[in-house]
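Dock the two chains into a complex; use the hints.
Residue strings, one per chain:
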Amino acid sequence: MAAPTKKAFDVFVNKIPWTVATKEMKEYFAQFGQIKRLVLPFDRETGFNRGFCRVSYSTEEGMQNALQKETHVVEGSRLQVQKDRRPSVDKRLGGERDDS
Amino acid sequence: MAALLRSARLLKLSPAALLQSTRANTHRSALSRLSSGAIVGRGVGVHATQARFSLGVNRLPWPFAGVRHFGLAPSQQGESKDEYGSAVRAKQAQNFDWALSRLDVSVRRTGRITKTLLLRIFHDICRTGYPSGNQALLLLRSCGSLLPELPLPERTELAHRVWDKLLGQAGGAEGHYNALLKVYLQNEFKFSPTDFLAKMEAANVQPNRVTFQRLIAAYCQEGDIEGASKILGFMKSKDMPITEAVFNSLVNGHARAGDMESAENILPVMRGAGIEPGPDAYLALLSAYAEKGDMVRIRELLEAMQKGDSSLTDRDFMQVLFSLVKAGHSQHVPEIMEQMRNERRYGPDAMNLCLSLITQDSVNLGNFFLRHCVDTDKPVEKMQRYCKELQDSSLHSSALQFTLQCALEARKTGMSLQLMKVMKEEGLPLRPHYFWPLLNQHLKDKDTKGTLEVCKGMQELGVLPDVDTYSTYVLPTFSSVESARSALQEAGCSVDTEEFVASQLRAEAVSGNLAELLKLLSSPSLPDVNLVSFKWSLVQGFRKSSDVDSMAKITELLYRDPRFSQGTGKQADNVSHLLYNLIDGMAEVQAQEEKLRQYFHKLKSMDIGITVGFYRGIRNLLDSYHVPELIKDVIALVDAKEMVEGSDIPRGLMRRVPFLEKKLEDLKAANEPLGPTLKQLIAALCAEEKLEQALELKNQHEDDMVVEGYALLINLCCRHDNMEEALNLKRELNRKDSSVLLDASKYLALVKVLSKHGKLEEAVDILKEMKEKNVSVRGNASLQFFHVLNGPALRGDGAAVKRLQEAVFSLGLAQPSTNLCSPLVTMHLRNADHTSALDAVLEYNKQYNVLPRLHDVLCGLVEKGETELLQKAMDILSQERGEMTMLYDLLFAFIQTGKYREARKIIETPGLRARPGRLQWFAEKCISNNQMEKLENLVEMTEKLFECDRDDLYHYLLLLCNETHDWRKAEATWTRMQEENVIPRERTLRLLAGILRSNGQEVPFEVSEAWYEEPAAGPPVTDPKGPGPASSPNPADTGKEYQLQLLILCKKGRVQEAYNVLKKAEKSGIVLGLAAYNSLIKSLLAEGNIEDAMAVRDIAAARISGFYLSDMARSLLIVTQVKRGQVKDALATLKSMFEGDQVPTALAVTRLVQGLAAHGDTEGIQEVENAIKEMGSPLRLSRMLFVNNMALARIKKGDIEGAVEGLEALFTAGSEAQGEGTQTPNMSYLFRRLIEEKNEAALDKVSGMAERLANHFASYRPAANLFLEYMEAGQTDSAMFLLQRCAAIAEQKAILISYVARVARKPGQGQKITTLLELIPDFTEKDAVYPHLMRCYDQDEDLPSAKALYQQMQEEGAHVDEICLKRLAALHKNAGEPVPFEEPPESIQFYIEKLRPKNKAVSLAEDH
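Listed in order, the protein sequences are those of chains X and H.
Just so you know, we're using the UniProt record's numbering here: the first sequence kicks off at 1 and counts up by one.
Just so you know, we're using the UniProt record's numbering here: the second sequence kicks off at 1 and counts up by one.
Same shape as in the complex, but just chain H (with noise of 0.2 Å):
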């Protein structure tokens, strides 16, 4: 019994009982066409059984944990264990929850699963070549009624595929025989039901209850009540239950026979039966009367249903919708869907709906329907009434332009303008903006016909492109817009239109040419256009535009023709606005200084004024842009009257200047101290940029002059760039007083002035008196040096941004960063010059270490093509920074430059690795920039890159969807994360989560809320001895909380804490999930401390049946166990787990058996080693792990004998035994451990036995390595004793060699290889060695004997290779030494790698 309930359990949970199921196999009446054996007027009815199921589905639509449970259990009982090893087993499971989680997307997304997706899956599973009974099981599955789109007969076959590829051989399991039945009830398959059993017998598969049921199903789905009979006797005579879902079999099989009144018998027998029926006993019976068109009973039946307390789901509804349908009683339906409650999975469920009814040729409704019309070419008059009756049954408000919509989607031209028509007869709007997904595929394939006929199409349906359709669409796909209005007008369209006029308009103010734009404005025969609609482009060509004299000409005619100006009020807003709209987001307002200065000026001679409104934002803006300079130019366009009367701008000082100045005159007459007055009117004035004014005010008064008075003139000065005066007054007001100090920005407006008119020298004093004065800059010091600085690299004086910057560093005033020595290379930039620039960025990497634009730099070289220079660039920054910075360096400036190409094979550079730094900051250059394009190839290219962290980049890729509000893109992504398997982290989840939320989307996963913010927010356990979480402020109530206190506790590594929270959550009888006691049993082993981690492992033990540690909780288990000196539990443990099916680390094998070694346990070593060999699986252990440790342990139970024996015979038993390829077995460590143990005895016996093995077996190895081990222990006697006895030790090349390699890899080793240089003194291949020795020198900076070195080789006649002399040339000039020879000129790295391939051929050549 318990068998069986719990396959019931687990078929409950079978995904291929959604719903769609039943509905698939509902109805006969297309089976005549599909089987043969189909008798007509049958009757029909619903196949309960999976109407039963369908219901638990209905709430989880693909219940995660228990398919995996119904996958694992056939497939372990059908495969012999042996069969496989664990890893493979483990690539299964890994590859089988790929594939799941891909179906399980598609169907929790859209309830179904599309060919293509299926196929994919299938192929890749088929050429990964692990094909496991689960993976068939998965897709058998899929092949029914999850595939709606596809025609019945071809998901048979799709499932017969399956079968015959992944169990063609093995066969199946009776799951999967009862996978397969249920796909045949599903697709209405016609079979022999004796066949099928036959079969099974056959392949020798037992069919089981669930077999049995849906045979029954099978036999009434035909009507066949005698063969269903049959079927139940036998189930009765072998005592097995008849379910709920067998009468409701009986109930579809009597409808379907045509016998209505003992279908509906069937219901009163279930309940003589103990069984109270179900929804699914009256849905089959809906459906049966659905099929027949009787509406009578079927509302009866609903009444009853609702008085009997049970209802239907929206899915039940339109399983009876679909047979209402399909038996062509379609005027019923709106009866039905009357009923319905529009639930949760509405909407995916009526489009698979729509899309079975479709597939099996039934009509339908809905948008769904439409597209699928559009995708099939129907004609326009069809569609046209569908989307009638649509409107007219309030099944869709807006068909007519959802079909559109889906033609313009598909880039159906002709279909389009056709439904457009239709459109304007009914009534409806068109506009401009419909023809643009047509004219922008036009637009990308340059297409001018396509255009043309979407602009004639226009022209017929009275739609006149707009200016934006114009701009944007049309033009740009003509070679110029002369050519695009010759071809319209031969086309027959209007192009006098004030529409494609504009759109000229901005399209020669786009490309920056005034002098046209100028003819075109001023052309009597321009019709009536306003500026708004061709303002942006006006802007970005003044922007662009150096020609001041068109600019002045143009705003001129926008200041007084009225054409410009209609409905928008006064011309002087007009044109103050584009000032105002010409100067914000300007780029390098500052370098634009003087073009803007001649404008306003022009503009000033032509009487052309702003209102004071516009005036306050202009001035703001320039100040913002550090140009306070032009302020002074704008305001002269202000009205002067306004100014005064029209607004208190600015701030009430204006009204001042009367006052103050009689003020001054009362206190002259009454001789009193006019100080403060006079610094206020002085501040007055220069606020309305009255300078000369105020100048005169100080000659008059020049005695009552006060520090803060010369201090805003000076200001006012340089600000009016009057370079002689703000010296003078400088000067002035040092002989008054030379310990004032003036406040940074007054010093830095004089450094400015002074540098523009070519003090250099003058600049540069100021500079020092700023640092003997020790003016602190307040504020950002290096952006306001960085203005001072920019200020001559804008006007192209490259020699005083030098100078300057030099006295700004070397007096310290600022740092060099890359930012202040940015200004020159930014400078040569511009004026392309990627040459200097160049140079630039590299004389600043020598000087101060930084690389001020680089990325800019490089995007240049690589744009003009400069292949030479780039070449040098990277050269000497692969030298300076090393070859991965440059990489990534190059990576970048042709990802920016749109050479993805290039970047990819950057990419695929063998040896490259991920660097997450400079990954984000091109990721985040990309989003501040918007750069999609860039961003998405950056992270597409960089899939495969080592190391790579793929959630960071998606997430990057996020932020710029959440930037742009894209969730379409955000989608796109977040599939892509999933093909690419990526496990996302919460927060790009969440992230995700909250782009599809803002957007008014569903949200296709569970996001955990605040998993970050909470601890964040209410301070966590902060004291360890303090009272418990319950105290804290928010105390843990439920088990999640507790869960999650304690997970956090474990990854912060307080255990102790988490231990606790555990302990409450114990106290108050809560269960926490098994991730929970997984992890604190880990962090308790983690820090050693067993006898809490089992006593937790109790805890759950009891709380969860079943609970198991996990492999890596039981790995460290062992670890730990071993480090206590507790083998035998760690042995224990181990068995465990290949009892359990577990796969321990490699590391806790090694310990373990290193522990029994330690112990002597031989046993226990054999054991282990047998238990890994059956395992049969890679763990990467040394083959010598247990050869070593058998040995050890043998030594160390005190048979020497017998562990040299067993060595000796692994050499000489095993000398040809062993296969070519595999390499003499390496004892080092027995070595090591004996001569750290210094097990005297036992040495003299291995010793022997390395001997006997040089000298009779020729197997030099051994003795070789015990000869190194001596050497490396410091037993130079040793070894040289040993080298004495057995001389073939100092032709082991290879050994010797690869020794000195890995010893000169550390500092301070030199004197081992010298030590092996004198033990050994005609050693051949000392031109080897030496190389090694000269490293080690070159690490240990010890250039003596570095010297000695080179002058021995020269002596010898060694080579000495160029990556010799690089490292002594570079001991050389570290001790501040000439180099005594002429140093190689490439970077070491390069000749490293030069030399790398000889290295290798050489090592290979003494290979064999």
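The shape of chain X in the complex, shown without the other chains (with noise of 0.2 Å):
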């Protein structure tokens, strides 16, 4: 096991249908390189996930493998994945429900 270290290879993706979980979206985007980390938030209030997420890659080929993908089709719809362009301030966004 390497040495854990800061760094990390983000992508951005929205436009995730309501049918997937954390688990689905991990099957999915672990084609493309070893993840790190990758949690779908759930709005608390709605009991649905907020259609978006964060997918931190262990190294930058995996991001642009992620990236490289013209579409990313997820269960019939087409997800949106850009780079994501957010200085990594807190990346434990929605920490709490870290366990899966």
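Watch out, some of these pointers could steer you wrong.
[What the hints assert, rightly or not] No more than 20 Å apart at the CA atoms, straight line, and that leaves these computed lysine to aspartate or glutamate pairs for EDC-like:
#, chain 1, residue 1, chain 2, residue 2
1, H, Lys553, H, Asp607
2, H, Lys969, X, Glu45
3, H, Lys412, X, Asp43
4, H, Lys388, X, Glu75
5, X, Lys36, H, Asp607
[Claimed, not checked] Taking CB as the label site, the calculated pair distances span:
#, chain 1, residue 1, chain 2, residue 2, range
6, X, Gln64, H, Gln815, 48 to 54 Å
7, X, Gln64, H, Lys899, 47 to 53 Å
8, H, Gln489, X, Gly76, 37 to 43 Å
9, H, Glu498, X, Gln64, 46 to 52 Å
10, X, Gly76, H, Asp309, 37 to 43 Å
11, X, Gln64, H, Asp309, 57 to 63 Å
12, H, Glu498, X, Gly76, 45 to 51 Å
Derived from the structure by calculation, the hints contain no laboratory data.
For each residue, glycine too, the CB sits at the ideal point set by N, CA and C.
Okay, here's the thing in structure tokens:
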């Protein structure tokens, strides 16, 4: 196991269909590279997922692979995948539900 | 002709002509139900009139400007101008804008309006009581096809209600009648056109061409060609042009009459009349054939159109679809669908089409249809069938999932479970989180029954709840894990699953109940549970608990028991990761230092190890948390062998120890200097945390030790908590070289370790040494000292904190700051000792004028319900920092603790106004802590707060939305802003657009890009004498850029440059916008530059036809003209404003009247006065403006007699005529001007008049005013003479006291009051005067006079109130003298509050 590093390679995913949860997202995005962190946040008010999430890859390669694929279709919905432009301030969005 | 053209243009823009309109009235099949006279089988057609208009609208969904023009024209014609004042008109216009924008947003977004929205606006308009013709028009037009969710008869009924309510009495204008006709057509309302015309005639409204066109359309809708022909003939006789719209109607009419041949024949007739049939004519035909289901002819027509190079929009095709479906020919839908191109507005249009079809009982497709089915509780079997059909016809890719989503959103448990059953049967996957929306509702309601029902449903569907389902939704509904377990068991749900157990583990861990957790974990019956599923809860539990024993034992279990580490490889990784997570993000690692140390020791004794990789991570963490002392305890857990072999940690120093030892020996043998090598070896040992060895080495080679070696060793000793040795080393070093300097971090490490061992004085000595040797603290000094102070605070040693703080501050090593003062308060807060915390805060406030962690202390007090302490805090705060500050502190504490009701009350405190800085502070706190609810509440409750910048607050809310990528919330915020009618700033819009865009949403408005960036990026014209914008790096070459530059320059006050930009644009022949010209004119006027301003006006007038100056620009022009003495011009400007229905500012009018007076222009004043009266608007002009200035003007003209007569008449004749409420006229202004101008002759006369009025008519005010003006001007003698002549002045208490009060507000005016008292020695209200005098002395810090006054008051037996005493006491104190009387205990603010009602009562009593 490599030493934990602070560096992460993030993509931001949008337009996620309601039918998937973290598990399905992980299954899908793992094809591009090893995922360091992926949590699909759910709205505590509604019980539905929030429709977006951040995928942190362990390597730049994983990130690039994910970004290079032209269309991402999960459960019939076309995902919007883009480079995360947010400065990496707090990666623990929705961190309280981290167990899974 | 021109008039006709105009109305045609306007109509084209009419929003009611949106395409759905045409759809709604397309077909007659439903009409047999709606109208008695419908003839079945008459055939159908499109009402082409609307279709034509719809084209214009397609591209401009709701053209703002167009609507406005259309709206305004009839309303101005309809109502006589004098009926309403301009203010009322302004109010109406504002109201109209508001209503319009609400509707506009709805139409732009969805292409429709909901009934609720329309009714709300309708009621609002009724309530505000300013229904204008405009608004009626707007509402009327919305009652047609913009309401696809409403059945047709209901829409018409609504239109009639609007008509009756808003136009019932006044009656409508032609625009209203035409709009009503349109609504009738759209709603397929059956009416008699002849009756309609008769009604218009009775109301004396002339029908115009549009009216006739629509009446023809109405006849055609019924297939009544005969009726249509009659009107057509009439139009011809009136020489009205027959437009394409009429022909289109006729196509429709023939089709509806069943005569398709005639319908087709209209097209050649059109060509014969010189009108080429456009898409609308074809559309009329197409719809007619669609209703017949004649696809052959439709295909032919479409082909013909393509050849003819005209095409249909999606909207047009949808109309054809509508006709097809409504007539029951839905099998042809796919064929038409193929023709569609998915244009921009496709979605909303399709939805509206569906809505119309469903509302009018026809079938349809799409999400929205499914949602509607769910909303209306259609049986699941039916929905299943629909879904299958949709999917089979590839109209929906996931119809069932979508239906389920709707059912879940509507929280329909039964329907959802049924749908899921269907999905399962169809082989679609079911997932635990599908049930969360249902469970979530039950969780909120704490509805265990509902939860169990869902769980049972899950069991039946074969979906096992996962850990998250249990932990987040199921368990929290129950009072305890045990009750959940038994209830679930009873309900027949299995609970011995890994998931349930894991969630049980989570629950126990989070509650910090480690002993129980250990029991569970060590139970042999526990199934395999992966640590990953409860690791975060465990981390939380560890952080919370102080049960080190259980922590270590749990860790051991995780380390050794394979059940917890399936598939994750080495156990060491498992535990290493756990430790890393435990420390990462741990708040106050320092506070838990001892606990962690014990924990690590225990792990060591259990022989539990971690990997080197994680060691490095943990070490970095500990360093960053300022607890390097723990590193040595962690390093002990790393397997030594792995440490050396497995990696280069730490940084290759490991291997160097033996090497250096060897080298040292060699050097020693060779008798060479050891210094550098010795230092390196010590450094290497320090890196390995080998203190003993390093010390021994030092003892062996004491003579060869260098300063750096000592420094390293001291640091290591401190880290290992070896205080004695550290001190020894320090002393040794001093002996060697007392001048040597350690760096600040070493000194501070020493201070830390000393204070930790209670050696406070020694610690202070170190600090003193730092000061003496002038050791500069590198980097963030405040932060480093904070950790020095925080150490003892974390140990609960308050005395040490105070002592060190005092030393640090008094030595000047760091400035007292909120941060540096916070550790002690934090300590008390952690001990839940709010009394001490508050005391500490107040003490700090007294000593250093800082309030550390006040917010947290207040929150604590609020939470604990410590009302008394809270009261105390509030009293002191409002005394020290002012009431407003105190209220804000309290407000934030209430919001923070979720006591929104209380917070709201604070906001409602009368007189509270917005403090942007404070609001920003709290908003940013919410943003950084991701507290949406609190922020939302803040934004909501400040809505009515005085001077609150709403845009700012919404901007914060959007910032948080941006952080959390919550575009739904952002959109809701946007709606709320509109609801509140907030005018957003550019940056807010851009932020909102950014959120929507980056989340893949459409942005419902235009954002002008780079309004701020641009000037920042390319340096704009910086040199005023420079060559101008054209030669700047980014030469402006479009009107837009010129405009931008110009506006920026105007804003920055660089007017001349802006003017240059305009000239440049003018040279290039570029026309700028209205706003640009107007703001440049305003800016020029603000500088008094009339010539250039007028030049700009001329340019603008030449460029833009109908250009006019805005109200503000003209008002400014008036002021400038008056300033320059051009009163005649100013008067002309004002007149032109009135003519143009513009409203001047009060300032402009006042300046003009004064200017006229100075020129003696009585007629001018009279003119202005009349005009203002006519305007009938409350400009808030002083009533005396005209009276005083008229008198001045007369005096100026030399007509003193006339002036006096005019004034006197006002008092003598008017005294009865004036209603009771009005005050006696105040002539101070007149007197003041005369005194200033030293116009003795006039003064004599008016003074005589004042005396006369006082002595004969008992009107004392003029005399008193004059008297006071003399006083004010320092002409005490004149004042005295007047008083002698008119003794009653001395009895005008109210006037005199108010004068005294006014005078006392400004410093240095005490003299005036004393003079007044000297002039009127027996003034009866001295009691009332003295406090004001005291205030004067207080302001002037004149203690001797104040003392004398106090004595005098006591001698005269006057009551000395607390405010006076407070003021006097303060004066004494400031002068450093003891207070010779008992000072009232409360703050001065307190007494002012206390005495206020009394004052008010007194003044009221005086008034009556």
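Open item on the list: Given the hint of 57 to 63 Å, is the C-beta distance from glutamine 64 (chain X) to aspartate 309 (chain H) inside that range or not?
Closed with: violated, 48 Å
- [ ] Could you grab the alpha-carbon distance between lysine 553 (chain H) and aspartate 607 (chain H) and see if it respects the 20 Å cut-off?
- [x] Answer holds: lysine 553 (chain H) to aspartate 607 (chain H) is near 12 Å, not above 20 Å.
Task: Given pair status - glutamate 75 (chain X), lysine 388 (chain H), alpha carbons within 20 Å - done: Holds, at about 17 Å.
Task: Range agreement (Cβ of aspartate 309 (chain H) with Cβ of glycine 76 (chain X), hint 37 to 43 Å) - done: holds, 39 Å
Open item on the list: Checking one constraint from the list: CA of lysine 36 (chain X) to CA of aspartate 607 (chain H), max 20 Å. Satisfied?
Closed with: violated, 30 Å
- [ ] Please test the hint of 47 to 53 Å on the beta carbon pair from glutamine 64 (chain X) and lysine 899 (chain H).
- [x] holds, 50 Å
- [ ] Mind checking the alpha carbons of lysine 412 (chain H) and aspartate 43 (chain X) for me, to see if they're no more than 20 Å apart?
- [x] holds, 18 Å
Task: Outcome for the supplied range 48 to 54 Å, where the beta carbon pair is glutamine 64 (chain X) and glutamine 815 (chain H) - done: holds, 49 Å
Open item on the list: If I claimed the Cβ atoms of glutamine 489 (chain H) and glycine 76 (chain X) lie 37 to 43 Å apart, would that claim hold in this structure?
Closed with: Since glutamine 489 (chain H) and glycine 76 (chain X) have Cβ atoms about 39 Å apart, the given range 37 to 43 Å holds.
Open item on the list: With the threshold set at 20 Å, check whether the alpha-carbon distance from lysine 969 (chain H) to glutamate 45 (chain X) stays at or below it.
Closed with: holds, 12 Å
Open item on the list: Just to be sure I understand the hint, the distance between the Cβ atoms of glutamate 498 (chain H) and glutamine 64 (chain X) should be within 46 to 52 Å; is that true here?
Closed with: violated, 37 Å
Task: Cβ separation of glutamate 498 (chain H) and glycine 76 (chain X), checked against the hinted range 45 to 51 Å - done: Once the Cβ atoms are compared, 31 Å apart, the range 45 to 51 Å for glycine 76 (chain X) and glutamate 498 (chain H) is violated.
Hints 5, 9, 11 and 12 from the earlier list are contradicted by this structure; the remaining hints agree with it.
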